Amino acid sequence: MIRFEGVVKKFGDHVVLRELDFTVQPGEFVTLIGPSGSGKTTILRLLMTLEQVNAGRIYVGGECLSHVEKSGKWAPASEKHQRRMRKRIGMVFQQFNLFPNMKVLQNITEAPIRALGLSREEAEQRGRELLDMVGLGEKADAHPSQLSGGQQQRVAIARALAMRPEVLLLDEVTSALDPELVAGVLRVLKEIASTTDITFLCVTHEMQFARDVSDRVMMFDQGQVVEDAHPEKLFTDPDHQRTREFLKAVLDRG
Amino acid sequence: MNWNWDYFWESVPLLLEGLLVTLELTVLGSLLAYVLGLVFALVRRARIPVLSQVVYLFIEVVRSTPLLIQVFIVFYLLWPALGIRPSAFVTGVFALGVHYATYTAEVYRAGIEAVPKGQWEAATALSLPRARVWTGIVLPQAVPRVVPALGNYMISMFKETPLLLSIGVLDVLNRAKEQGAETFQVIEPYTLAGILFLLISYPSSILVRKLERRVGQL
Numbered sequence: 036m037i038r039f040e041g042v043v044k045k046f047g048d049h050v051v052l053r054e055l056d057f058t059v060q061p062g063e064f065v066t067l068i069g070p071s072g073s074g075k076t077t078i079l080r081l082l083m084t085l086e087q088v089n090a091g092r093i094y095v096g097g098e099c100l101s102h103v104e105k106s107g108k109w110a111p112a113s114e115k116h117q118r119r120m121r122k123r124i125g126m127v128f129q130q131f132n133l134f135p136n137m138k139v140l141q142n143i144t145e146a147p148i149r150a151l152g153l154s155r156e157e158a159e160q161r162g163r164e165l166l167d168m169v170g171l172g173e174k175a176d177a178h179p180s181q182l183s184g185g186q187q188q189r190v191a192i193a194r195a196l197a198m199r200p201e202v203l204l205l206d207e208v209t210s211a212l213d214p215e216l217v218a219g220v221l222r223v224l225k226e227i228a229s230t231t232d233i234t235f236l237c238v239t240h241e242m243q244f245a246r247d248v249s250d251r252v253m254m255f256d257q258g259q260v261v262e263d264a265h266p267e268k269l270f271t272d273p274d275h276q277r278t279r280e281f282l283k284a285v286l287d288r289g
Numbered sequence: 002m003n004w005n006w007d008y009f010w011e012s013v014p015l016l017l018e019g020l021l022v023t024l025e026l027t028v029l030g031s032l033l034a035y036v037l038g039l040v041f042a043l044v045r046r047a048r049i050p051v052l053s054q055v056v057y058l059f060i061e062v063v064r065s066t067p068l069l070i071q072v073f074i075v076f077y078l079l080w081p082a083l084g085i086r087p088s089a090f091v092t093g094v095f096a097l098g099v100h101y102a103t104y105t106a107e108v109y110r111a112g113i114e115a116v117p118k119g120q121w122e123a124a125t126a127l128s129l130p131r132a133r134v135w136t137g138i139v140l141p142q143a144v145p146r147v148v149p150a151l152g153n154y155m156i157s158m159f160k161e162t163p164l165l166l167s168i169g170v171l172d173v174l175n176r177a178k179e180q181g182a183e184t185f186q187v188i189e190p191y192t193l194a195g196i197l198f199l200l201i202s203y204p205s206s207i208l209v210r211k212l213e214r215r216v217g218q219l
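Chains as they are written, first to last, in the numbering used here: chain A, 36 to 289; chain B, 2 to 219.
Keep in mind the hints are simulated off the structure, nothing from the lab. Fair warning: there could be bad hints in the mix.
Using C-beta positions, here's what the derived DEER-type ranges look like [unchecked claim]: (1) B:Ala47 - A:Glu267: 51 to 59 Å; (2) B:Leu17 - A:Arg155: 46 to 54 Å; (3) A:Asp167 - B:Pro145: 49 to 57 Å.
Calculated lysine to any residue pairs in the SDA-like style (CA-CA distance at most 20 Å, straight line) [unchecked claim]: (4) A:Lys122 - A:Pro111; (5) B:Lys118 - A:Pro135; (6) B:Lys118 - B:Arg146; (7) B:Lys118 - B:Tyr104; (8) A:Lys122 - A:Tyr94; (9) A:Lys138 - A:Pro179; (10) A:Lys138 - A:Arg118; (11) A:Lys115 - B:Glu122; (12) A:Lys115 - B:Trp135; (13) A:Lys138 - B:Glu122; (14) B:Lys118 - A:Phe46; (15) A:Lys138 - B:Gly119; (16) A:Lys138 - B:Lys178; (17) A:Lys115 - B:Gly152; (18) B:Lys118 - A:Arg118; (19) A:Lys138 - B:Val134; (20) A:Lys138 - B:Arg146; (21) B:Lys178 - B:Asn5; (22) B:Lys118 - A:Glu114; (23) A:Lys225 - A:Glu201; (24) B:Lys118 - A:Thr76; (25) A:Lys268 - A:Arg279; (26) A:Lys122 - B:Arg133.
None of these values were measured; they are calculated from a predicted model. Don't be surprised by glycine CBs; every beta carbon is placed ideally from N, CA and C.
The task is simple: from the sequences and hints, build the whole structure.
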């Protein structure tokens, strides 16, 4: 479903990803862990086309996202190509990024109406179902500012799902939340992961969640995959020293 | 000094007539400044080759030269060059509107930049069309925040209308001058004009300050 081929990403002189290769199968839930600055979030932002690669190619659903092939040569993808590809991908952000000038329901219906061409009735019906699913059916007419962080993040999840993405990117979705609100968001995500065939790519510091929900965990360091394993294996018996050190640091802190 | 209360009160009707012209100039000039300023801000931001640079240069030139000279240029050079003869009033609205648009453009720019990057990213992630990102997300967040600043420019414009005397617009101060010229007694009508300006400006700036406080809570 997702394939990175020799992807390089630099910010100025700073190399964030160095010739990164990995694949994610359709329907898989893959979690990226690793120290901050290891390039995990950059991977999600490249997939969402919020950043562009410096070298290498990214494929989504068998189609190249980052480039287009023209008479045997690869050229960077046009905005138009990326706009089409983007519709297959959704993203939930650390800071929620709800639209504060719109009520909760409109936050969810806006994109299906404007980008997918759904009728208002259809979009609102879908929106209300999703709000029920994330446990916020009562909040359709509230303003985002009236919700807690955890509630806002659940609305943001519903908003991303309303576009029926094939791939959902989760960028540290609980990092900005007060501790007591984290569990509600993770419960919703678990529910979605187990009831849909969406492919997940998740960056998180919630190790228990990663262990519970992931099919595979990839440990990153300095822009490279250090270890790629089933969560039980990676969390209990990692092969690499770097992984052991990282897990020890994170678990001690927790 | 010879202060004549009767003369003072006699001047009221004529000056109120002038005040009406001043208010019309201010409201129409501000509307032009608000619309044109937004266009300037959007064109500059869009980085359209040539056009964006031209707008940038135009803004710099207009902001670096006195309004009075711009009024003359419009009235005595621009209109003849275009082969049209708008009235002094229309010229006044145009000159005030364009002059202040170069300031409101900056206000809008700041308002647009204050919209968090995450809003743009969320809009991209949701595949919202570009035009809708502006009309549905960015401007509805940017504009309310800059309303007080726009209001302040309206008050400044109000106080600058008297310089349109140079092309013969009879606003409140120019009515006062006209009145004074007839009787050789200027202090009463001028004082009255000052009071009229104060009666409009002061409550308006209080209103703007209230708006500022409310916007601060957004």
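Hints, one by one, checked against the model:
1. At roughly 53 Å, the beta carbons of Ala47 (chain B) and Glu267 (chain A) sit within the given window of 51 to 59 Å.
2. Checked against the given bound of 46 to 54 Å, the beta carbons of Leu17 (chain B) and Arg155 (chain A), roughly 51 Å apart, stay inside it.
3. The beta-carbon spacing between Asp167 (chain A) and Pro145 (chain B), approximately 32 Å, falls outside the hinted interval of 49 to 57 Å.
4. In summary, the hint linking Lys122 (chain A) to Pro111 (chain A) is supported, as the alpha carbons are separated by about 18 Å, within the 20 Å threshold.
5. Distance restraint check for Lys118 (chain B) and Pro135 (chain A): the Cα-Cα separation of roughly 13 Å lies within the 20 Å cut-off, and the hinted pair is therefore satisfied.
6. Of the supplied pair hints, the one linking Lys118 (chain B) and Arg146 (chain B) holds, its CA atoms being roughly 16 Å apart against a limit of 20 Å.
7. Restraint check: the Cα-Cα separation between Lys118 (chain B) and Tyr104 (chain B) comes to about 24 Å, which exceeds 20 Å; the hinted pair is violated.
8. Of the pairs offered as hints, the one joining Lys122 (chain A) and Tyr94 (chain A) holds, with about 14 Å between alpha carbons and a cut-off of 20 Å not exceeded.
9. A distance of roughly 7 Å separates the Cα atoms of Lys138 (chain A) and Pro179 (chain A); the hinted pair therefore holds under the 20 Å criterion.
10. For the hint pairing Lys138 (chain A) with Arg118 (chain A), the CA-to-CA distance comes to about 26 Å; that exceeds 20 Å, so the pair is violated.
11. Among the hinted pairs, Lys115 (chain A) with Glu122 (chain B) is consistent with the structure: their alpha-carbon atoms are about 17 Å apart, no more than 20 Å.
12. For the hint pairing Lys115 (chain A) with Trp135 (chain B), the CA-to-CA distance comes to about 18 Å; that is within 20 Å, so the pair holds.
13. At most 20 Å may separate the alpha-carbon atoms for a hinted pair to count; Lys138 (chain A) and Glu122 (chain B) meet this at roughly 19 Å.
14. Between Lys118 (chain B) and Phe46 (chain A) the alpha-carbon distance is near 18 Å, which keeps this suggested pair within the 20 Å criterion.
15. For the proposed pair Lys138 (chain A) and Gly119 (chain B), the alpha carbon gap of about 18 Å is at most 20 Å, so the pair holds.
16. For the hint pairing Lys138 (chain A) with Lys178 (chain B), the CA-to-CA distance comes to about 55 Å; that exceeds 20 Å, so the pair is violated.
17. For the suggested pair Lys115 (chain A) and Gly152 (chain B), the alpha carbons sit about 40 Å apart, so the restraint of at most 20 Å is broken.
18. For the hint pairing Lys118 (chain B) with Arg118 (chain A), the CA-to-CA distance comes to about 19 Å; that is within 20 Å, so the pair holds.
19. Of the supplied pair hints, the one linking Lys138 (chain A) and Val134 (chain B) holds, its CA atoms being roughly 16 Å apart against a limit of 20 Å.
20. With a C-alpha separation of about 19 Å, the suggested pairing of Lys138 (chain A) with Arg146 (chain B) holds against the 20 Å cut-off.
21. Proximity of Lys178 (chain B) to Asn5 (chain B) is assessed by CA-CA distance (about 16 Å); at most 20 Å being required, the pair is judged to hold.
22. Our distance criterion of 20 Å between C-alpha atoms is met by Lys118 (chain B) and Glu114 (chain A), whose separation comes to about 19 Å.
23. With a C-alpha separation of about 16 Å, the suggested pair Lys225 (chain A) and Glu201 (chain A) falls inside the 20 Å cut-off, and the hint holds.
24. With a C-alpha separation of about 16 Å, the suggested pair Lys118 (chain B) and Thr76 (chain A) falls inside the 20 Å cut-off, and the hint holds.
25. Distance check on the hinted pair: Lys268 (chain A) and Arg279 (chain A) sit about 12 Å apart at the alpha-carbon level, within 20 Å; holds.
26. Our distance criterion of 20 Å between C-alpha atoms is met by Lys122 (chain A) and Arg133 (chain B), whose separation comes to about 16 Å.
The structure fails to meet hints 3, 7, 10, 16, 17 from the earlier list, while all remaining hints are met.
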